[in-house]
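Chemist: Residue-level listing of the chains:
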Amino acid sequence: MMQRETTGTFGQKAANIQNLVDLVNSSDISSIKSSLSAIVRVINDPRSTVKELKEVILLDPPLAAKVLKTANSAYYSRSFTRVFTDIEQAIIWMGSEIIKELALGQKVCEVFDRDEKIETYSRRSLWKHSIAVAMMAKMIYRKEFGMKGENAYVAGLLHDIGIIAEDQFLPKDFKTILRLSADQNVDMCSAELQILGYDHTEVGEAILASWGLPGELTTTIGSHHNPLESRPEYSIIAAALYTSDLICQERGFSFGAVPESDKQAFRQCLDIIDVKPYALDLIFKEMTAEIAKMEDRGLI
Amino acid sequence: MAGSKEIQELKEKILQLEVRNKHLTNELQLTEKEKEAARKNYFDIISNMEAKVTERTRETGELRKLTEAKSKELQIMLDSSPAMIFYKDSQNRYIRVNKAFSQTLGIPISKIIGKTFAELFPGSEKQFLEDDLEVMRSGKPVLNITGSIETRKGRRQVLTNKIPYKDINGKSIGIIGFAVDVTDLKQAEMEKRELEDKLSQLEKMEAIGRLAGGVAHDLNNVLSAVVSYPDLLLKRMEAGNPLRKPIETIRQSGQKAAAIVEDLLTLARRGVPVTEVLNLNDIIANYLESPEYETLRTHNPSVLIETRLEKNLFNIKGSPIHLTKTVMNLLSNAVEATLHKGTVILSTANRYLDMPIKSYDLSVKEGDYVVLTVEDTGIGIKPEDLKKIFEPFYTKKVMGRSGTGLGMAVVWGTVKDHKGNINVISEEGKGTTIELYFPVTREGLLKAEASIPFKEYMGNKERILVVDDMPEQREISTTLLETLNYTVETVSSGMAAVEYLKTRSADLVILDMIMTPGIDGLDTYRRIVELKPGQKAIITSGYSETGRVREAQRLGAGEYIKKPYTLEKIGLAVRKELAR
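These protein sequence lines map, in sequence, to chains A and B.
Note that my numbering numbers the first sequence so that position 33 is 33, with each residue one more than the last.
Note that my numbering numbers the second sequence so that position 62 is 62, with each residue one more than the last.
In isolation and in its complexed conformation, chain B is listed as follows (with noise of 0.2 Å):
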């Protein structure tokens, strides 16, 4: 039967169309609950990730705080460095410094930043930008850069170390700076290597003199026969006798040898007592007079020497005889080098130092000084050699011209046992001046000078207020006041007077014009005549008249005298202030 065949196939076909139906309902239902619960966690994650904005939000915040706070860390440690450090970006630009860079420059840090070097100071040094440069360029640091800049306390000397500065991929995007400030330790290892040097010169003399004063006892023995037998020999020779010019020859060398012994033996007493008071003056007088002087003038008739002799030199301790040398040694020498030709001055003066000076050696402290100048218009002395014409046996001259080649040295040992200073200023061609500093002794004063009789201006006990900053120089003041009959109170500063005053008079008030630390002499006369009006005063400086001298005595202070003073010159001072 055909048609139940058909049917059957039908059938077949419906049952295959109702399990592919089956099929695909049942798929779809499922991928139905599946797009579900996709969605479901789709607003899960979205809902979570909501909280997460927010979580990272808060922690965003604290971290920002906490960079903050790190930061501020930072700025501290940077702005507690007495070095200046700066970041510059890769244009050069300040991005950040610290308060020691500002403050050193003088400018605000908000005017640095953004700025180059070159903005901050137009017309600067290109190195330090070349410097950057390397450093960008290389990534690796420079240091130890020596240069200056225009700071707020003038030019400064700065060694720099400059570092690249690198993002977390060691990329340089710009630099890092570390600058010090080296100025005053440079002027501070100048100034030491210097003194070390005149030391080591100094100790290198004081050796040479001796081993050459050492070397000089035994010579003198053994050149004592060469010295006496051709005296001997010569006078039972016979007139022309053939050997008698040799033996004069011998004669000659010997007593040249002698002459330089003889020095070598002035360099080996050095040391002795100096304790002698004496006037250079006179020292100097002798020798004008003397039979070396006589010999010097007649070899050398081209050279006008020329004496300037202080009147009332002060005296100082001393040795007449190394004196008296060093004074020969210094004229001859000056004589020889005008060659022949040319003026010398041999002076003296009296003079104050209110502050130390550098000299040859070392420097002169501040005190009352005799100064003995020899001045010439010779060829003058080159630099580099300056430092050694004081060692034994050093000499430019053409050998065997003169002298001993001892002579500086023995300058140099008497000035020293003298506690005095020496100081050669000399240039090429020009000349050179020798000046010697020996100080100042009081004793034997009173019978030394005198010319106007002590009675013409002795006091009457008068109240004197002697106000200077140098102990020694009240002590001398209050010698020479209470000499006169005066009743003296010191002080060591311009207020302790104002003070002194508040509470006491004073007949008269010697005022030191220069003190320090504190107010100088025209403050101190300023608060003086503010407390008593008219005050009477006089005005001592070591120095000239100045503006602040002459301002003072507009305001009523009497004379004004130059230290150092003499007995006389105090005296005279004091009576004409007191009658005024």
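Here chain A stands alone, though its shape is the one from the complex (with noise of 0.2 Å):
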């Protein structure tokens, strides 16, 4: 591993990183590429249509069966009476930003679904701590901005998907990056720059740019740990993100790493997105409830 390091030049970095992406897209996680691809696309496309967001779904039977599943589940159908039979029912009766949400989860969620505890890093403990870092970072979106952070909870959601590449293909020096984090008590990042050269922010940026998801994506999630440093077009987001992920690691949504706790940059993002800590905290009380429900009803 040192060796990597050591003879690492910037050229062998993205050679390895470029490997690993091979990786995931000739395995099982690169089968939710088309559909989450295309849901991003509706969200990020103004004049999109419920008929499209139907027809995304519907191109991914699997799917629409879950979909309609969860949508009929207590969670979500507490306010409706009636059994959706069909997906362009449910968009129409729930709205499409609900079901978007729920494609969205229901399809990521896919790449989490082995559980396999190392130390105190487990799958589901990241899938919980990235459904809750979504939703936090849409909520900010809402209720701050008035905005529908649809983005903002995509971006939550695939956050992290870099580790999942890590865990899967590197399984033995992932391993050694969590024991080296937790004896040393250093955060991820540094731990994965020793003993890979790079880091799971990097990972997931190349896997989602080579999906062809939009900058707005890639890049935030490339710099989810330095959110000072991405593209000033995307700072709100990156200070978004950055804020929901460190908020949910420090209070009871982590999957396990040793949090990054660089207070500077945490003031600094919550200046860029103009949050009181009041705020932040009802936001996140709000949150919290929201995945006690979920989690009530089984859809966690």
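Rather than coming from a laboratory, the hints here were simulated on the basis of the structure.
From a predicted model like this one, the values you see are computed outputs, not experimental measurements.
Yeah, the Cβ is synthetic: ideal placement off N, Cα and C, and Gly gets one too.
Incorrect hints may appear among the rest.
[Unchecked claim] Only pairs whose alpha carbons sit at most 20 Å apart, straight line, appear in this in silico SDA-like list of lysine to any residue:
1) K51(A) to N48(B)
2) K166(B) to N92(B)
3) K311(B) to V277(B)
4) K52(B) to E88(A)
5) K276(A) to E27(B)
6) K51(A) to M49(B)
7) K40(B) to R47(A)
8) K171(B) to D131(B)
9) K52(B) to I92(A)
10) K35(B) to K263(A)
11) K153(B) to L195(B)
12) K13(B) to K66(A)
13) K198(B) to K416(B)
14) K263(A) to S235(A)
15) K388(B) to F117(B)
16) K11(B) to K263(A)
17) K536(B) to L555(B)
18) K51(A) to N26(B)
19) K148(A) to D45(A)
20) K40(B) to M94(A)
21) K148(A) to K256(B)
22) K256(B) to R244(B)
23) K22(B) to I300(A)
24) K416(B) to E206(B)
25) K576(B) to R550(B)
26) K66(A) to I92(A)
27) K186(B) to Q157(B)
28) K148(A) to K171(B)
29) K52(B) to E229(A)
[Stated by the list, open to error] Which chain A residues face chain B? A few, computed with CB under 8 Å, are given here:
30) I29
31) K33
32) T49
33) E52
34) G95
35) E97
36) G146
37) A279
Both chains are sitting in their own frames, so use the hints and assemble them into the complex.
Modeler: Structure follows, in structure tokens:
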């Protein structure tokens, strides 16, 4: 490992990341690619219609089935007395926002499915963390900015996909990283850099870029541990994601890795998104309540 | 400063409320936007649905047209089938039938639909209904059901296949049936089988006859010693010699064997030319004077033997030896059948057959025949034995009673060699009638008959038109009439006669009553008298005088003469009609 560090050049590192991306793209994980990017495309196209969303979901029959099942579950159908038998009905009655969110959640969840515990890490806790971050980021957008925050939600769901890739395709290194992080009490990125010469933010960015997701998402995910270095046009979403990630890790939605605690960066991010600590607390509380309800209904 | 702390707290509270206010306002706004979007989507979908409904309505219309076209195609297919095809629902009601079905029953389709078989044919066979139930219950076809139904053409045999009619889920909802009228087929099959039976019977008898004949030749040589030497021995023996008795027995047995061999030889001589012109009455008369007949009479004093011989019996061509044997065998069989008590009638007759008739062997073709009939009031023959009576050595008599066992075989062979036919009518306990049909010959006719002198009915070249569908009859009539000095023209049908008389005339028309195909004698005469009122005519037929003959005579036709006609009969009739 140290060898890689010492001999690693910039070109070597890019090649290593590419190797990992190739592994991901020839594995089951890439099966979420087409549905995922299609939903993201619908989200980012202001002229998109219900029909398109319906078609995107129907193209993936297992997803359509899961969406219907979830839509009919107690959590979502609390205000509806009817049973949805097709996606179009569900979209009309529940609204396309909820369905998009539901479809995304179901889709991304697929890559977190196999539960495996290493040290204090487990995919299940990583998935719960991702949902929490996604929801938190979305709520910041909605409550503070009066915006839908759908991309923030997607970014939250996918921000740690690099960790999944490492966990699945570099299991030995990944264990070493976790142990190293725990033993030396260093944050995960530092451990990754030591062992691999790159970290999961870079891997995530590369995977999602290879799937053709928009720059806003890839850049934001790529900079989710150093949001201040993100591109100026994405500074708000980067700050929102960073804030959500940090707050979730600190307050009970961690996945077992040692959290980063850069108070300076955190405060700067709060400034960028202009959210009062009280408001953040309030949003966190509501998010926690939602997660608890979903967990209660067996959705997480 | 307490006040400033409170102010600080209040400020804090206000700030918090502001945050909450902001959050709620933002959520409200977003929700309203989402609601708006949802409503827009909803309307989009609704209007989209309207378009869909229009589209679907159009599609349904097209589908219906297609269905109608397919239905028409199906009906054409169903109607093209010669078989009767029908669909029934689970209540046995007809829901669809084809043209053949409706036409066969003679009921319009509209009156069949919705009815059950029992409703269409009250009192009909239950069988049909049971088959339906069976098919419905088992869901399996029932095939080759035979039955009969009443149709426009009368009672017909039908062969029916019934197949369950199932909906798309495989549930039986009725039956589909195919029925074929097999009446003609069955009839034809039966006739064919009958014919085949008869043919094989014929072949069998021919074969046995040939075999028997072959054996006879050799046997005869062997027998001569047995027949000749006893006489020689007896001559040299003393009257009281005790060996005389056994030797006499040997002689008797030898003579009996010789008789058998003789019959066998008669059979073996089958196929000798039967070219001699003879009269069956003469054959019978000769036989009645023979010692054999004398013996028969003396052995059966209680049997009444009657002879009814037709005067002016036609000649036939044949072999006198064989015919004599035939008469003898038939007569002795008949006498024996009476068990020495009863009546036997031996008769001859001229007979003309207008149409073929069925007989014991093959059917007898139309034409002129001499019929020899031997009728007894004896024990009769069982139906199952009837087939075998002409086989050599077949007998129902207690063995050894009499005869050689070849008598009837000789009769059979003789009749076949004379191109004749045999008919046997028998009823157990009542008696048996055997008729032999021999074709008539016209040769030697002139010298044989003429009890009234010729010249009394000779013609004077008067024109006579002979109308007859049978070529032989036309030829006979021509020969006879030309012999009698008439000018003869012939035509083969009633219509041809009418055509003939449109351009020409005849002094007399000789009209056959029964002509097939085409119009008969009466219809012909009706048309003739329209053309030529009062046309002189003679009606002829093989049958007895009928209403149609009398009708023709009422219209002006003259004498009716029964076929076959003799020179004298036709000559006198023609003279009489011409003089009328």
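Chemist: Evaluate each hint against the coordinates.
Modeler: A quick look at each hint next to the structure:
Between K51(A) and N48(B) the CA atoms are separated by roughly 11 Å; this keeps the pair inside 20 Å, and the hint holds. Between K166(B) and N92(B) the alpha-carbon distance is near 14 Å, which keeps this suggested pair within the 20 Å criterion. Under the criterion of a C-alpha separation no larger than 20 Å, the hint pairing K311(B) with V277(B) is consistent with the structure, at around 17 Å. Between K52(B) and E88(A) the alpha-carbon distance is near 15 Å, which keeps this suggested pair within the 20 Å criterion.
Distance restraint check for K276(A) and E27(B): the Cα-Cα separation of roughly 17 Å lies within the 20 Å cut-off, and the hinted pair is therefore satisfied. Of the supplied pair hints, the one linking K51(A) and M49(B) holds, its CA atoms being roughly 13 Å apart against a limit of 20 Å. A threshold of 20 Å between alpha carbons decides the hint, and for K40(B) with R47(A) the separation of about 13 Å falls inside it, so the pair holds. Of the supplied pair hints, the one linking K171(B) and D131(B) holds, its CA atoms being roughly 18 Å apart against a limit of 20 Å.
For the hint pairing K52(B) with I92(A), the CA-to-CA distance comes to about 18 Å; that is within 20 Å, so the pair holds. Using a Cα cut-off of 20 Å, the hinted pair K35(B) and K263(A) is violated, with the two alpha carbons roughly 40 Å apart. Between the alpha carbons of K153(B) and L195(B) the distance comes to roughly 26 Å, so the proposed pair goes past 20 Å and is violated. Only pairs whose Cα atoms come within 20 Å are accepted, and K13(B) paired with K66(A) is rejected, the gap being roughly 44 Å.
About 14 Å separates the Cα atoms of K198(B) and K416(B), which keeps this hinted pair within 20 Å; it holds. This hinted pair checks out: K263(A) and S235(A) have alpha carbons roughly 18 Å apart, not beyond 20 Å. A threshold of 20 Å between alpha carbons decides the hint, and for K388(B) with F117(B) the separation of about 47 Å lies outside it, so the pair is violated. Restraint check for K11(B) and K263(A): not satisfied, since their Cα atoms lie roughly 26 Å apart, outside the 20 Å limit.
Taking the CA atoms of K536(B) and L555(B), the gap is about 11 Å. The hint holds against a cut of 20 Å. Restraint check for K51(A) and N26(B): not satisfied, since their Cα atoms lie roughly 27 Å apart, outside the 20 Å limit. A C-alpha spacing of about 13 Å is found between K148(A) and D45(A), which places the hinted pair at or below 20 Å, so the restraint holds. Of the pairs offered as hints, the one joining K40(B) and M94(A) holds, with about 14 Å between alpha carbons and a cut-off of 20 Å not exceeded.
The straight-line distance between the Cα atoms of K148(A) and K256(B) is roughly 135 Å, outside the 20 Å bound, and the hint therefore fails. With a C-alpha separation of about 18 Å, the suggested pairing of K256(B) with R244(B) holds against the 20 Å cut-off. Between K22(B) and I300(A), the direct Cα distance comes to roughly 30 Å. Violation of the 20 Å bound is thereby established for this hinted pair. With a CA separation close to 10 Å, the supplied pair K416(B) and E206(B) stays within the 20 Å bound.
Restraint check: the Cα-Cα separation between K576(B) and R550(B) comes to about 18 Å, which is no more than 20 Å; the hinted pair holds. Between K66(A) and I92(A) the CA atoms are separated by roughly 17 Å; this keeps the pair inside 20 Å, and the hint holds. With a C-alpha separation of about 8 Å, the suggested pair K186(B) and Q157(B) falls inside the 20 Å cut-off, and the hint holds. Annotation: proposed proximity of K148(A) to K171(B) is violated, straight-line Cα distance about 56 Å (limit 20 Å).
For the hint pairing K52(B) with E229(A), the CA-to-CA distance comes to about 53 Å; that exceeds 20 Å, so the pair is violated. Checking I29(A) against chain B: minimum C-beta separation of about 32 Å lies over 8 Å; hint violated. Given the 8 Å rule on beta carbons, the hint for K33(A) is violated: about 27 Å separates it from the nearest Cβ of chain B. A least Cβ separation of about 7 Å between T49(A) and chain B falls short of the 8 Å threshold, and the interface hint therefore holds.
Taking 8 Å as the C-beta cut-off, the interface hint given for E52(A) is violated, the closest approach to chain B being about 11 Å. At about 5 Å, the closest approach between the beta carbon of G95(A) and any beta carbon in chain B falls short of 8 Å, and the interface hint on this residue holds. Taking 8 Å as the C-beta contact cut-off toward chain B, the hint placing E97(A) at the interface holds, the least distance being around 6 Å. The beta carbon of G146(A) is positioned within 8 Å of a beta carbon in chain B (closest approach about 4 Å), and the interface hint is therefore held.
For the restraint placing A279(A) at the interface with chain B, the shortest Cβ-Cβ distance is roughly 4 Å, inside the 8 Å limit, so the hint holds.
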